[in-house]
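Model the placement of chains B, C and D on the given structure of chain A, informed by the hints.
Here is how the chains run, residue by residue.
Number of protein chains: 4
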Amino acid sequence: MGFLAVDRKIATIPQEVIARANAKLMDAHMADYDALAARLVRVNIDIEDLVEKLMAFSVGLPSWGMVSGGTRYARFPLPGEPTNVFEKVEDCSVVNQLAGLTPRVSLHFPWDKCDDYEALRQYTQTLGIGFDAINSNTFQDQTGQKRSYKFGSLSHSQEATRQQAIEHNLECLDIGKKLGSKALTVWIGDGSNFPGQVEFTDTLERYLESLRTVYGQLPDDWRLLIEHKMYEPAFYSTVIQDWGTSILCAQALGDKAQCLVDLGHHAPNVNIEMIVARLSQFGKLGGFHFNDSKYGDDDLDSGSINPFQLFLVFNELVSAEKRAERTGTRFTPSYMMDQTHNVTDPIESLLNSARAIAGAYVKALIVDRDAMRAYQEDNDVIMAHNSLRLAFESDVRAALAMARVRMGGAIDPIAAYRESGYRAHKAETRKARTELAGGIV
Amino acid sequence: MGFLAVDRKIATIPQEVIARANAKLMDAHMADYDALAARLVRVNIDIEDLVEKLMAFSVGLPSWGMVSGGTRYARFPLPGEPTNVFEKVEDCSVVNQLAGLTPRVSLHFPWDKCDDYEALRQYTQTLGIGFDAINSNTFQDQTGQKRSYKFGSLSHSQEATRQQAIEHNLECLDIGKKLGSKALTVWIGDGSNFPGQVEFTDTLERYLESLRTVYGQLPDDWRLLIEHKMYEPAFYSTVIQDWGTSILCAQALGDKAQCLVDLGHHAPNVNIEMIVARLSQFGKLGGFHFNDSKYGDDDLDSGSINPFQLFLVFNELVSAEKRAERTGTRFTPSYMMDQTHNVTDPIESLLNSARAIAGAYVKALIVDRDAMRAYQEDNDVIMAHNSLRLAFESDVRAALAMARVRMGGAIDPIAAYRESGYRAHKAETRKARTELAGGIV
Amino acid sequence: MGFLAVDRKIATIPQEVIARANAKLMDAHMADYDALAARLVRVNIDIEDLVEKLMAFSVGLPSWGMVSGGTRYARFPLPGEPTNVFEKVEDCSVVNQLAGLTPRVSLHFPWDKCDDYEALRQYTQTLGIGFDAINSNTFQDQTGQKRSYKFGSLSHSQEATRQQAIEHNLECLDIGKKLGSKALTVWIGDGSNFPGQVEFTDTLERYLESLRTVYGQLPDDWRLLIEHKMYEPAFYSTVIQDWGTSILCAQALGDKAQCLVDLGHHAPNVNIEMIVARLSQFGKLGGFHFNDSKYGDDDLDSGSINPFQLFLVFNELVSAEKRAERTGTRFTPSYMMDQTHNVTDPIESLLNSARAIAGAYVKALIVDRDAMRAYQEDNDVIMAHNSLRLAFESDVRAALAMARVRMGGAIDPIAAYRESGYRAHKAETRKARTELAGGIV
Amino acid sequence: MGFLAVDRKIATIPQEVIARANAKLMDAHMADYDALAARLVRVNIDIEDLVEKLMAFSVGLPSWGMVSGGTRYARFPLPGEPTNVFEKVEDCSVVNQLAGLTPRVSLHFPWDKCDDYEALRQYTQTLGIGFDAINSNTFQDQTGQKRSYKFGSLSHSQEATRQQAIEHNLECLDIGKKLGSKALTVWIGDGSNFPGQVEFTDTLERYLESLRTVYGQLPDDWRLLIEHKMYEPAFYSTVIQDWGTSILCAQALGDKAQCLVDLGHHAPNVNIEMIVARLSQFGKLGGFHFNDSKYGDDDLDSGSINPFQLFLVFNELVSAEKRAERTGTRFTPSYMMDQTHNVTDPIESLLNSARAIAGAYVKALIVDRDAMRAYQEDNDVIMAHNSLRLAFESDVRAALAMARVRMGGAIDPIAAYRESGYRAHKAETRKARTELAGGIV
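Residue numbers (our numbering), protein chains in the order written: chain A, 1 to 441; chain B, 1 to 441; chain C, 1 to 441; chain D, 1 to 441.
In isolation and in its complexed conformation, chain A is listed as follows (with noise of 0.2 Å):
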């Protein structure tokens, strides 16, 4: 049975509800799948491998974004939200269970403190759930808080404040290290909002200085991964602006520094896949986290907005990791969604969001790279960029079904979820948070 979150034991969607939703949908799945599987034997693929490396693959979650976000103006509340670490990891396992895709979530703190790290660690591995990149949180001042944020943390004129900033990344490594997490991901917001208002270069070494304390704590098979973004919340300049502030800071730090993309981090018009591109030539691909974005870091459901910039960015993954494979060496980026839901259920988003990716990721395994690389090197530009194209205008949505369906997920996963009734059971049992004011929490 699920809904049973009270004892903090089982909280799933019961299995039943998935497989009646199933039994509805199977004679169209099949059939669609079976036609797939015909038109790709055509190109010499089996749909099979297809299905397992996608049953391989998997992403994270966000637990930040297992609740309604907000904007700068206003937060609207969806009731039976979560209210807690415990609650949002439950949230997780249902995305888990239905997608079958996102077997781990990615933590942040303050958000996710709790008493006991131990229960929750037992909680999470209960309900199938694993811990990906821990995320610090030095971008806001907490009640009680002995030095503000305004003016900065890692990077902050003054030591005092830059020590408890470095403290916190510490504290953060301790939390995860008690929940087998590998990774810090460390994003702060200090910058600027006036020219004049901070020197770049001093505030550069301050923030390379701190982050070496932190880096120094680091265990050997931990990664601390970079995040760079162009602005928000500082206006005018950001310290860890674009991707090449990011990589020369992780080559300053070691090889257990990396970089991390957020899709919607970049300047307008910018070719974020050249920019994968460049991170894994130089060996300082760590991580991403995935959503869409038309304007800025909007947070919105990956392969909302462009999905076609989805896939090329997959296809430059699945290149690299063929090169790796060619080469020897190791490739394995963290993959991670990082949305905010402002109008939609969150496990609605996230479900159609790992589709998204897992769909790119499937055109980007059918790409035929030998044709490909061929058509390059004969500058045949039409021919090599049908390659993708080609792969790209396939619908692959069969495989991603089946490979959800062997994992004992839905066909289709949002009506099972509507079926389930779980965010209405939710709304009942969980208590409600009223916060109208902007922004997250």
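Please note that the accuracy of each hint is not assured.
[To be verified] Once the Cα atoms are required to be at most 20 Å apart in a straight line, the calculated EDC-like pairs of lysine to aspartate or glutamate come out as:
id	chain 1	residue 1	chain 2	residue 2
1	A	LYS150	D	ASP378
2	D	LYS24	D	ASP34
3	A	LYS146	B	GLU435
4	C	LYS322	B	GLU205
5	A	LYS322	D	ASP202
6	C	LYS150	B	ASP380
7	D	LYS322	A	GLU205
8	D	LYS146	A	GLU377
9	D	LYS146	C	GLU435
10	B	LYS178	B	GLU167
11	D	LYS146	A	ASP378
12	B	LYS150	C	ASP378
13	A	LYS150	D	ASP380
14	B	LYS178	B	ASP221
15	B	LYS150	C	GLU377
16	D	LYS322	A	ASP202
Don't read these hints as lab results, they were simulated from the structure.
Fair warning: this is a prediction, and the values are worked out from it, not measured in the lab.
What follows is chains B, C and D alone, placed relative to chain A:
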């Protein structure tokens, strides 16, 4: 004596503080003033004319800009910031006292609701402040509000929600009439975060239908100002997304409807001064929200990022003014500031911004328009350009200071403000605002 | 037999080449077609309806896009590219023969001037091609031209230059009447490179005055299409810089004046599909220049950068069509391509683009609009979004191929084209174009 | 006497023309100078120090900027523009004579090829001009060239084409050595117009391999300047697309490889002054191409669009200079202009731009850096910002004029140039360039 806001009667910087501060700077100021006068005489400009025009020029202050703003991540409170509309007006009066160019405040409801508008009106009048446009707010939910604006307000798919938003706007009209305001600014956050979420045409039709009801109740000597914005809080589409939609709506509503330009509400690279010219040419330039931006609607201090653009905007305004004189038409846009102060004392930022705006205006006044027009006719590009460029390169600060001094203000407003100890005094007497959550409240 | 353009009578790919190419692919094609048909039946769509609509759909070809384009740096010629309007039309007919959706060519003067327009008309007719909008060119000087357009054309400060530009447009009307065209597209490069170079309002007034003269000579069954563009060749201001100025001018001119949308002529991040909706709502959507872009007016192949955006544009077009049906109004925008082919064979790029455009159209046709509207009314955001998303994720290539086959075209147009050896043949028989200088000629 | 370029010996504005022009303006100039001196004394700055620093400051001229530029649409010739490298140098000398800050010319090959480099060196020396960085050109094909750069040059998929591009660069080194140049600037147009056209990593590896060969031949006292650019002529991807790739390549090559910043080569909204600081911090800031832009690589006159940004760039340069002094390191970036003059006389545009650049430099010099740093440490944001803002608002034109006068130049360079009748004279004596085709030649 100043600082006596307790009885809401007098709330000013003691005039002797200003006098003392000015005394220290007077000799230097007069030397600069004389040098500028001498320089202007050579190009047949009487500096006294400029000072006179400056003293007649004014720009409104935003009540919501008197407190520390925030992003979606956080807000960092400032000790002594105002906690209600009376205290906001009090701070406005300080800006006006020191800068002399800001004799009006633009209120925002329900943020500025109070029990006794007649008391507010009298108090404000006592402080020498009038009321600029009233702003309605249907982009946030308020505690106890019947229907949510999560999915829109004036353009919402359901009539009852639209009706609630209309009634809020009508209530704003009522309050404005009590206070002596003459304009209603309508900015809505309505839009969508996903392709397909709304039907663009239906949505705009509903918006227009709602606004027609509001317009129908507008007093004859009022204006309805429509404010467009490219994005945020909606991140895929926004109902009034640009000046094109804005002017078409203003045309559809009638003569009293005009367009309001916020300098931060445009797409990257857009030539905003040209939009100003177009709106003016087609009779629909109603007003301004001055601020500056580097990335989006950053709401930074006027002139802090691109002062030449601000000058080019004023070049169009002065040009439109001259055109109106020639054609015997009226040209009276309403000038207001709309800034968010995250890392500065709002009073200091507004003092700096008033200087920037007035500086752009006076530089536009010293452009030799007859010479420029002759160069333009002859396609003498460099000389036409230099007509603007050389005006911009002039240092007109002494003229600005003289206008301030003659209105009882300060040669160096920020220095005088700091010497007064105003904020420290307020930090002791006002109750603290401690919200740390993100956003604007 | 094909390739016999010498006598300007027949200029086609031999039909047996196409038949042979199709034969190899027919079984796979039919299998895909049947699978798609079966899938569509489940959502109550008859694939035959789609194919019929596709066969009725058409998009015009740009005569200037038949040659290798260039940037300001260079042009790299392609052996066998056309050297005059007859040869351009010949290449158009090849595209139409293979793709079946491009039965019209849009000419550009003076580039396409010839001695005998009646001969051109007959030749074109023989090839099964008609004439789309005529394009005037006052953004370049021609050898022997009396007055230069260096400083503008229809908006030039001097009357004689404006008059020359007007006369060129009237000459275009005359040529168009001889050929059977029904529209004149006016795009001008007028603008400025320096603040102050031109007075914005004067300039637009002169533009409107000039265009009124042209409009006055427009036959009753013609349209005047105004094309806006943000920048280039003018790099500070452009007279018709956006859809706002475009629609205001179209309103000022009259009913036969409408706006033309080029997908690459907008500011970064702008929501173009929304502009399409707005122009349609206000009765001024006159036509399209399809292409794609990543940075500016890149004139890349349609659907090569952001195919989802192209689909969203067609979603608006189909939506506007349905609205016109409901309201009994006419909605007949003119669809044309406007691409520059720097590194591909233009014929191959246009074949690919025709497929992209037709694909976007048919995907828009299979959107379940009734369901989507119901979701929109209910603010069921995810489901409203997925109404579009799932249509886009469909693989409709088999329907496109069937429409081509039924019109005598190719299942795989590029493959058939290559098998024909058309370009190699032309490389032998056409004289070479060797200009290496940058630009478009 | 001037204008005697026939024998390539003397080519200057007659000095008495300048003297006559200066005489008319001298009283006003001295009054302004004294007023500025008095103002600066109050902030402890000796104006004579500024003038001295200005006289030591210099910026190189682009040989390719001496002719009328063009867009991809057209070029509009200017009577009297130079037709070969000798005449270009002649025009450079006029700029230098009048503005006094531009004693070097940067050549571009093969555009500036000539038969006798020793004659060119001597002629240039006679005119008081030296040679700045040499620019290679592998973004265009030349008549008779063996292999085309249509699909790339240093990164081309075929070795023979890469080899040809390498050899061209080596030839540039040879020419530069003959002339006394000390740097090679490598900007390539290599990239792609279609996703899939090239493999990003292979392409960059080939680029680096090619450049290593060139670098290997670089004399010890030379620098190799790598110039990045976001896009154009390639419209989907560019090999050296941003400063991140640029600095990684410079690191890979070695100490003599550095990065060159062109102000128009960045994504919209990017904080360029921050990139300047980062390149400087990591020891790789090699030089500048100054210009201004509103939309893309517009190559507009320096300071004509965003003079505050230009000042902020110089603020970083002066700051880096001070830092180098403190740390005993070298900081000697090469300052050059790179502008395209489509609608002005290039000499006038360059005179105006020299003034803009020198003005930004001297404003950066008068920033009170000690005070600013103290404000930064204290997070006194407004005062730190105003340290820059007030320096920028200063009118430093009299200091610039004085530096020019002392070097034999003009108080008002454009006026003196016009009075000289130089261009009209050249229009009579130089043969006409009549290409109307678009682009840069």
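Going through the hints against the structure:
Restraint check for LYS150(A) and ASP378(D): the C-alpha separation of about 12 Å stays at or below 20 Å, so the hint holds. Proximity of LYS24(D) to ASP34(D) is assessed by CA-CA distance (about 18 Å); at most 20 Å being required, the pair is judged to hold. In summary, the hint linking LYS146(A) to GLU435(B) is supported, as the alpha carbons are separated by about 16 Å, within the 20 Å threshold. Under the criterion of a C-alpha separation no larger than 20 Å, the hint pairing LYS322(C) with GLU205(B) is consistent with the structure, at around 17 Å.
Distance restraint check for LYS322(A) and ASP202(D): the Cα-Cα separation of roughly 13 Å lies within the 20 Å cut-off, and the hinted pair is therefore satisfied. For a cut-off of 20 Å, the pair hint linking LYS150(C) to ASP380(B) stands: about 12 Å separates their Cα positions. Note on LYS322(D) and GLU205(A): the hinted pairing holds, with a Cα-Cα distance of about 17 Å set against a maximum of 20 Å. Our distance criterion of 20 Å between C-alpha atoms is met by LYS146(D) and GLU377(A), whose separation comes to about 19 Å.
A distance of roughly 16 Å separates the Cα atoms of LYS146(D) and GLU435(C); the hinted pair therefore holds under the 20 Å criterion. With a C-alpha separation of about 17 Å, the suggested pairing of LYS178(B) with GLU167(B) holds against the 20 Å cut-off. At roughly 17 Å between alpha-carbon atoms, LYS146(D) and ASP378(A) fall within 20 Å of each other, so this suggested pair holds. A threshold of 20 Å between alpha carbons decides the hint, and for LYS150(B) with ASP378(C) the separation of about 12 Å falls inside it, so the pair holds.
Proximity of LYS150(A) to ASP380(D) is assessed by CA-CA distance (about 12 Å); at most 20 Å being required, the pair is judged to hold. Restraint check for LYS178(B) and ASP221(B): satisfied, since their Cα atoms lie roughly 14 Å apart, inside the 20 Å limit. The suggested pairing of LYS150(B) with GLU377(C) holds, with an alpha-carbon distance near 14 Å, which does not exceed 20 Å. Under the criterion of a C-alpha separation no larger than 20 Å, the hint pairing LYS322(D) with ASP202(A) is consistent with the structure, at around 13 Å.
Hint violations for this structure: none, all hints satisfied.
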